[in-house]
Amino acid sequence: MDATIAERPSGAGSPPAIKPTRRRSLRSRIASCWLHLVLIPVGLLWISPLAWIVLTSLKTKIEVFDPEAGFLPAALNFANYPATLAVAPFGTYLINSILVTGSILIGQLITITLAAYAFARMEFPFKKILFTLFLLQVMFPIYAIFLTNFVTLHEFGLINTLPAMIVPFVASGYGTFMLRQSFRQVPAELSDAARLDGCGHLEILWHVFLPLVQPTLIAFTIISVVTHWNDYMWPLLVTNSDDVRTLPIGLGLLAKSDSGADWTRLMAGTTIVVSPLLLFFVIFQRRFIDSFMHTGVK
Amino acid sequence: MSQRFARARRKEALLAYAFLFPSFLFLATFTYWPIIRSFWFSLHDVVLGDPEIFWMGAENYMRVLDDALFWKVLANTAFYTLTTIPISILAALLLAVALDRKLRGMAIYRSAFFYPVMIPSVAAGMVWVFLYAPGYGPINAALGAIGLPHLDWLYDSDLALSAIVIMSAWKYSGYFMLILLAALKLVPSDLYEAARLDGVSGVQRLLHITIPLISPTLYFVVVIGILHSYQVFDYVYVMTQGGPADSTNVLTYYIYQNGFQYQDIGYASTVANTLLVFMLGLIGLVALTLGRRVHYLGEK
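Protein chains in written order, with UniProt numbering: chain A, 1 to 298; chain B, 1 to 300.
Honestly, the hints are just simulated from the structure, not real lab data.
Accuracy of the hints is not assured; some may be wrong.
[Stated by the list, open to error] Incomplete in silico selection of chain A near chain B, CB under 7 Å:
{"id": "1", "residue": "Pro49"}
{"id": "2", "residue": "Met122"}
{"id": "3", "residue": "Val170"}
{"id": "4", "residue": "His201"}
{"id": "5", "residue": "Trp263"}
[To be verified] Estimated spans, in silico, between C-beta atoms of each pair:
{"id": "6", "chain 1": "B", "residue 1": "Trp33", "chain 2": "A", "residue 2": "Phe71", "range": "47 to 57 Å"}
{"id": "7", "chain 1": "B", "residue 1": "Phe260", "chain 2": "A", "residue 2": "Pro125", "range": "36 to 46 Å"}
{"id": "8", "chain 1": "B", "residue 1": "Trp33", "chain 2": "A", "residue 2": "Gly200", "range": "54 to 64 Å"}
{"id": "9", "chain 1": "A", "residue 1": "Val225", "chain 2": "B", "residue 2": "Gly281", "range": "25 to 35 Å"}
Cβ atoms here follow ideal geometry from the backbone N, Cα and C, with glycine treated the same way.
Work out the full structure, taking the sequences as your base and the hints as a guide.
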């Protein structure tokens, strides 16, 4: 595992594209025509669930069940949005989602920076064993150990509080791993020079290492935010009142209370919940794509 | 001199432990302790909130062996993992190979295949319940339009789990595609050129050049796929609640049922332990089979 999971900081130090640009031959032009012919339908198929969410949210209740009604809404009907916002406290959910995701991220950035630096740049006994123990968390995430974690949080008296949704995620084996890879790529001369100037480890970490691994920090931030913003199982298990629920949980409740009948309102709710991240994605497309793209490249 | 050196080393080790401490504190509380506790609980009768637990020995494990539903749930979990991962990786590989060139509309294609990763699992699950709806769902409407019979999808115990597999492939292929695409970009194109001039066909080039060269990344994607398969809990919870007739009940959901609905924490822990062993076994198997065959570029 060690050898294959590796992260290359996007931007800095990426190897030059090896492919030479060649004059496009007739052959390749025909090939790309064929490709479009296949890719366009497949792409449309992939987008159709999203299109369905948005289109249904603009329909009337009757239209959804009418087999004669077309794919597009007869008239744009925005009434579902205020109706959805009125049945559940989406504002509270939004604030909770921001607080939970933000706290997890801040906690993670602190813990992984310190741990990754130790693993990448310091010598100490049991280093290998400890690193393996960190990776254990990647293999057994909350989905595998939610039951006994629930018991622990119950004993701490944290059930139905915001911290319950935060504390299990403050340490990140994956983040430590990712950042360690980047720290290892920082030239030793840089930290040696700082060393000679009398800087301690913390100063070197702060002034030399962190500025150099910014692309990795951004990539980790994006992955962490996407993951925890969308988290469903754990927040579902540890919350039971509206004042601590997050957006995905609120959406799930909406489905339950409507017993699946009112698809227009449900899809309006879905649009509200998915749009913040999708909006960020559209704006910072390159950053998002790069972050996810380079999580696997050696 | 050497004494001073030893002291400096000791000082560095202490500082390193201090750096590891915050992470370790949280890992110990929310990862190691729950795993240890899960084994301890499986040997006991445990009631939530009751500090007293009763020793049961291996009784819970005997119960698991006799539990027909457990074996069904285990088979469902294996089916889900062993279909979702190959299907999504195959789709991802084909898409990545198709997109690994200069192509008009590249950014649009990439986003179109990738966006499902960013949709919360609960939202994805709900939309697909709608898409699969037997009466008015668009999938059945589309099937009807091309003259195929309507299917009951999530209401058919033979189809429900496959329906969740299809949905998962839609959700994850784009992510795997991106990772594979990044690997393909590093394959030197003169290799393809040489093979093409030698008259090697496209399929053979894929099998004998592309796949071996990106095998470390493929292996990584398989591991990521296994880790993402945990998320099936969300889809089962939102889409089917394990039904119909437990045809979509998977290990994580069965743990939830036993622990939270029947309040039997001892037995739920026992099932949870089988999940840990299942995942460990799966990852171990992949590491021993695929991991061994991985080729590294530039290595003999």
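Results for each hint:
With 7 Å as the threshold, the beta carbon of proline 49 (chain A) comes within range of chain B, its nearest partner Cβ sitting at about 5 Å, so the hint holds. With a cut of 7 Å, the hint placing methionine 122 (chain A) at the interface with chain B holds, because the nearest CB-to-CB distance is about 4 Å. For valine 170 (chain A), the suggested interface contact is upheld, since its CB lies about 5 Å from the closest CB of chain B, less than 7 Å. Nearest Cβ of chain B to the Cβ of histidine 201 (chain A): about 6 Å, under the 7 Å cut. The hint holds.
For tryptophan 263 (chain A), the shortest C-beta to C-beta distance to chain B is roughly 6 Å, which falls under 7 Å, so the interface hint holds. Roughly 53 Å separates the CB atoms of tryptophan 33 (chain B) and phenylalanine 71 (chain A), a value that falls within the hinted 47 to 57 Å. Between phenylalanine 260 (chain B) and proline 125 (chain A) the C-beta distance comes to about 42 Å, which sits within the given range of 36 to 46 Å. A beta carbon spacing of about 33 Å between tryptophan 33 (chain B) and glycine 200 (chain A) contradicts the range 54 to 64 Å that was offered as a hint.
Between valine 225 (chain A) and glycine 281 (chain B), the C-beta spacing of about 32 Å keeps the proposed range 25 to 35 Å intact.
Hint 8 from the earlier list is the only one contradicted by this structure; the remaining hints agree with it.
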